[in-house]
Amino acid sequence: MKYSVFNLVKNAFSYHENWQKAWSSPELKKEYDVIIVGGGGHGLGTAYYLAKEFGVKNIALLEKSWIGGGNTGRNTTIIRSNYLWDESAALYNHAVNLWEGLSSELNFNVMFSQRGLYHLAHSVHDMQEITRRAYSNYLNGIDAEILNQDQVKKNIPHMNVTGRYPVLGAILQRRAGTARHDAVAWGYARAAENLGVDIIQNCEVTGIDISNGAVTGLQTTKGSVKAKKVGLVPAGHSSVLANMAGFRLPISSVPLQALVSEPIKPILDCVIMSNTVHVYVSQSDKGELVVGAGSDSYNSYSQRGSFDMIEHIMGPLTELFPIFSRLKMLRQWGGIVDVTPDRSPIIGKTPIDNLFINCGWGTGGFKATPGSAHVFAETVAKGEPNKIAAPFSIERHFSGALVDEAAAAAVAH
Amino acid sequence: MFVIKCPYCGERDQTEFSCHGEAHIARPENPDNLTDAEWGEYLFIRSNKKGIHYERWTHDHGCRRWFNVMRDTISDEILATYKMGEEKPKT
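Chains V and F supply the protein sequences, listed in that same order.
Each step along the first sequence adds one to the number in my numbering, with nothing skipped, and position 27 is 1205.
Each step along the second sequence adds one to the number in my numbering, with nothing skipped, and position 74 is 446.
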């Protein structure tokens, strides 16, 4: 059923009790052409684009718990593409281009709101860094504006720009913003199922069958299944899945946490991000402030962040916005992020034939969801890396061609 | 939040420490002879264990010395701390 005003009115007469389910719960079949492992936004999107653009008919998507229950539902929903290096700019801007048409493409409102993102500069060095980044962005066709202190203060009147770490300026990307993260998972799931993808929830992969160096199928908690190709799209368990296939990854899995405040009336109409004092904040459509900061330094699979990190998040927030200091924080949660040495993702082939991987998105994968899914779908369908995905192969860790966004000071997402 | 037993100072709050990744990765003895694959393996590839993990910590706001920790990455429980150069405890 297509979602429309007409259908909304029609269903109002039956008190909205007769909407059909957005996706069903099919049984796992014996064999598929392509199996995607991981039902977050990236995985669901991959299944969708495989079916829609690359003509793959027989697809299953396996999710160990419920779709969108991992990092897709745990992030702070920030979307931007103003990365320094050409390779990252191409990847993340491909995503922003797709975000702009995503709601109509999926017939599902993902609430993409291009409210603009301010990345703050607190020192002369920061100003030089954002200026360098802005010129790099211009060359890659990405919008960027450099604002001085007065312009920042005028646009965001509540911000304290003369604190201990004064705000000297900001780089503004107006095309950046936020989206409703659950809706992204639901929208892709519904659209993928309409194209015939079997979405199997509560189905954890426990083993990867390999014969003569090529993947032949998977062992799961719902039985074994054969597959001609498998795409692994995990977050938080990339190394665990890679170990099942007998190889290791340049990844450390660490906790990252976020918080939301009690809902308040509209006060912040943009996204604020600072690497130097390290906090990012935006206001959701419900009125809650959504706040996050850095990840913990130690490996963990616990989905819990450390307690002291909360203070590291709230300190800079109340320094920047003294008006928020009396707000109560309602909820706090953690997710496990797979961090690579250069803070860029891994997309491409693995040492096993017909086994592909899309992982290592670290602290900033949500913004890339449609782009990541699209380039990975082409990589899986054709068996060779998509042009945008090619620089992000595992091989870069051996060739030395890192895409070092960590050193490029774009670490905070 | 962890209470970490520094092998030199005793039990202290986690905020005094910082973690520096997987322990017991020895620098290759013959760097000149390594292939690109071997260098990549040494520099970047990590076991990233789900379960018992051996890792390096420093007591930054204390004795400032390095030591190793054996910790369960599922429950975050610290099972042992020991000095650099000591054998890693059995699981």
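Derived by calculation from the structure, the hints in this document are not laboratory data.
Take these hints with a grain of salt, some might be off.
To be verified - Straight-line alpha carbon distances no greater than 27 Å define the calculated DSSO-like cross-link-like pairs of lysine-lysine that follow:
id, chain 1, residue 1, chain 2, residue 2
1, V, Lys-1400, V, Lys-1207
2, V, Lys-1235, V, Lys-1527
3, V, Lys-1208, V, Lys-1400
4, V, Lys-1464, V, Lys-1443
5, V, Lys-1230, V, Lys-1527
6, F, Lys-422, V, Lys-1400
7, V, Lys-1208, V, Lys-1235
8, V, Lys-1235, V, Lys-1443
9, V, Lys-1242, F, Lys-421
10, V, Lys-1464, V, Lys-1506
11, F, Lys-455, V, Lys-1400
12, F, Lys-421, V, Lys-1527
13, F, Lys-377, V, Lys-1527
14, V, Lys-1230, V, Lys-1180
15, F, Lys-377, V, Lys-1242
16, V, Lys-1506, V, Lys-1527
17, V, Lys-1560, V, Lys-1207
18, V, Lys-1404, V, Lys-1527
Source: prediction; values computed, not measured.
Enumerate the violated hints, using their earlier numbering and listing them in ascending order.
As far as the earlier hints go, 8, 11, 13, 15, 16 are violated by this structure, in ascending order.
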